[in-house]
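Trainee: Sequence:
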Amino acid sequence: MNPIVDEISQSQLKSDLPPFKVGDGVRVHTKVREGEKERIQVFAGIVIARKGRGINETFTVRRISYGEGVERVFPVHSPNIEKIEVDRESEVMRARMYYLRDRVGKKAMKVKEKRLSASR
Numbered sequence: 282m283n284p285i286v287d288e289i290s291q292s293q294l295k296s297d298l299p300p301f302k303v304g305d306g307v308r309v310h311t312k313v314r315e316g317e318k319e320r321i322q323v324f325a326g327i328v329i330a331r332k333g334r335g336i337n338e339t340f341t342v343r344r345i346s347y348g349e350g351v352e353r354v355f356p357v358h359s360p361n362i363e364k365i366e367v368d369r370e371s372e373v374m375r376a377r378m379y380y381l382r383d384r385v386g387k388k389a390m391k392v393k394e395k396r397l398s399a400s401r
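Take 282 as the starting number for the sequence shown in this note's numbering and just add one per residue.
These are calculated hints, taken from the structure and not from any lab test.
C-beta: ideal position from N, C-alpha, C; glycine also.
There's no promise every hint is true.
Derived pair list, reagent style BS3-like, types lysine-lysine, alpha-carbon separation capped at 30 Å [unchecked claim]:
1. Lys-302 / Lys-391
2. Lys-332 / Lys-364
3. Lys-295 / Lys-332
4. Lys-318 / Lys-393
5. Lys-318 / Lys-388
6. Lys-395 / Lys-318
7. Lys-395 / Lys-302
8. Lys-318 / Lys-295
9. Lys-332 / Lys-312
10. Lys-391 / Lys-364
11. Lys-393 / Lys-364
12. Lys-364 / Lys-388
13. Lys-395 / Lys-295
14. Lys-332 / Lys-395
15. Lys-302 / Lys-332
16. Lys-388 / Lys-302
17. Lys-364 / Lys-318
18. Lys-302 / Lys-364
19. Lys-295 / Lys-387
20. Lys-302 / Lys-312
21. Lys-364 / Lys-387
22. Lys-364 / Lys-395
23. Lys-391 / Lys-332
24. Lys-295 / Lys-364
25. Lys-332 / Lys-393
26. Lys-295 / Lys-312
27. Lys-332 / Lys-388
28. Lys-387 / Lys-302
Derived CB-CB ranges, DEER-like [to be verified]:
29. Arg-314 / Lys-395: 35 to 43 Å
30. Val-313 / Glu-349: 18 to 26 Å
31. Arg-320 / Tyr-379: 17 to 25 Å
32. Gly-316 / Arg-382: 19 to 27 Å
Taking the hints into account, I'd like the entire structure generated from these sequences.
Mentor: What follows is the structure, encoded as structure tokens:
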């Protein structure tokens, strides 16, 4: 990108984001405006992709809702995102998890979870 654009967009970047990666289970709290009112709506699912860099970085979250797969793409640094919570971490060996789209039932949300180290 142009260094001038990078410098201008630097002030727009969020610094309080938790570290999350593809395969992690997340809860995205978004601001929803209905008329003059504003409320927070939560979208929970698995991150299946992260793209871009800087101000243009986005991530895709997939969940199963009433037996139907639903995906949403969120800009990482959007002012409409209140916060991102990481529910569970995973050990995924790829950068995109588009293969989850072909799965049905419980397997559609099955991801190899990260093991906690036993300190004894």
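Trainee: Next, verify each hint and record whether it holds.
Mentor: Cross-check of the supplied hints:
1. Lys-302 / Lys-391: Holds, at roughly 16 Å.
2. Lys-332 / Lys-364: Holds - the C-alpha atoms of Lys-364 and Lys-332 are around 19 Å apart, at most 30 Å.
3. Lys-295 / Lys-332: holds (16 Å)
4. Lys-318 / Lys-393: With Cα atoms ~40 Å apart, Lys-318 and Lys-393 exceed 30 Å; violated.
5. Lys-318 / Lys-388: Measuring from Cα to Cα gives roughly 38 Å; hence the hint is violated.
6. Lys-395 / Lys-318: violated (40 Å)
7. Lys-395 / Lys-302: Holds, at about 12 Å.
8. Lys-318 / Lys-295: holds (24 Å)
9. Lys-332 / Lys-312: holds (22 Å)
10. Lys-391 / Lys-364: Satisfied, since the Cα-Cα distance of roughly 24 Å is no more than 30 Å.
11. Lys-393 / Lys-364: holds (25 Å)
12. Lys-364 / Lys-388: Roughly 28 Å between the alpha carbons, so the hint for Lys-364 and Lys-388 holds.
13. Lys-395 / Lys-295: holds (26 Å)
14. Lys-332 / Lys-395: holds (23 Å)
15. Lys-302 / Lys-332: holds (11 Å)
16. Lys-388 / Lys-302: holds (20 Å)
17. Lys-364 / Lys-318: With Cα atoms ~19 Å apart, Lys-364 and Lys-318 stay inside 30 Å; holds.
18. Lys-302 / Lys-364: holds (15 Å)
19. Lys-295 / Lys-387: Between Lys-295 and Lys-387 the Cα gap is close to 34 Å, so the pair fails against 30 Å, i.e. violated.
20. Lys-302 / Lys-312: holds (22 Å)
21. Lys-364 / Lys-387: Cα-Cα ~27 Å, so holds.
22. Lys-364 / Lys-395: holds (23 Å)
23. Lys-391 / Lys-332: holds (22 Å)
24. Lys-295 / Lys-364: Holds, because 10 Å separates the two Cα atoms, which is no more than 30 Å.
25. Lys-332 / Lys-393: holds (22 Å)
26. Lys-295 / Lys-312: Holds, because 16 Å separates the two Cα atoms, which is no more than 30 Å.
27. Lys-332 / Lys-388: Judged against 30 Å, a Cα distance of about 25 Å means the pair holds.
28. Lys-387 / Lys-302: holds (21 Å)
29. Arg-314 / Lys-395: 35 to 43 Å: Taking Cβ atoms as reference, Arg-314 and Lys-395 lie about 36 Å apart, which means the hint holds.
30. Val-313 / Glu-349: 18 to 26 Å: holds (21 Å)
31. Arg-320 / Tyr-379: 17 to 25 Å: violated (32 Å)
32. Gly-316 / Arg-382: 19 to 27 Å: violated (35 Å)
Checked against the numbered hints given earlier, the structure breaks hints 4, 5, 6, 19, 31 and 32 and satisfies all the rest.
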